[in-house]
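Turn these sequences into a full structure, and let the hints steer you where they fit.
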Amino acid sequence: MTRERADQADPLRTMPLMAEELLDATDHEIIALLREDARRTFSDIAGRVSLSTAAVKRRVDRLREKGVITGFTVQVDHAKLGWGIEAFAQLRFFGSTNVAEIVETTTRIPEAQAVFTIAGDPDAVVWLRSRDMAHLQATIDELRRSHRITSTRTLIVLDSWVRGEDRPE
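Residue numbering for the sequence shown follows full-length UniProt numbering, beginning at 1 and increasing consecutively.
All clues stand as given, with none of them false.
Quick list of simulated restraints, FRET-style, between CB atoms:
| hint | residue 1 | residue 2 | range |
| --- | --- | --- | --- |
| 1 | A100 | R40 | 34 to 40 Å |
| 2 | G82 | T150 | 28 to 34 Å |
| 3 | S151 | V76 | 30 to 36 Å |
| 4 | A100 | A79 | 29 to 35 Å |
| 5 | R48 | T152 | 44 to 50 Å |
| 6 | R144 | F72 | 35 to 41 Å |
| 7 | T70 | S43 | 19 to 25 Å |
What the hints contain is simulated information worked out from the structure, not anything from laboratory work.
Glycine included, C-beta positions come from ideal geometry on N, C-alpha and C.
What follows is the structure, given as structure tokens:
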């Protein structure tokens with residue numbers, strides 16, 4: 001029997017991650033544990049998934065190399081940092097606008113947490129954070145000054161029911 005090289009025998013190393021079935025149940029469990037607490041040690045994870053610490057480290061390294069795990073973050077209470085207002089601004093663009101240019105300009109606004117281009121009407125949605133309503137109004141006014149945006153509609157978030165680790169931070 002011939003021995004395969006380790007990187008040839010491991011589908012996570014040799015195949016692009018295009019389908020979820022390339023991740024096994026243990027990979028999903030490791031990801032869930034890290035999403036719950038990104039500071040969790042490999043040793044702690046190993047005990048919970050019945051693998052060695054080295055095996056967990058290898059799996060996490062592979063998941064990072066393949067882009068499944070893109071980073072480890074800190075979740076903060078933005079209201080306690082003075083950014084307690086959240087809103088979504090729906091944007092309509094003028095005619096055949098260069099969408100990439102608007103997205104690039106919009107993402108430079110510090111209050112813009114994310115920009116989503118979407119199919120249908122409106123053309124894009126911007127997730128905003130602000131200190132207060134006056135600050136939000138100033139941010140919306142800044143968006144409206146773009147000659148390529150024909151209209152905006154603002155939706156103010158009253159409460160969020162998305163679990164913290166699933167929020168688009």
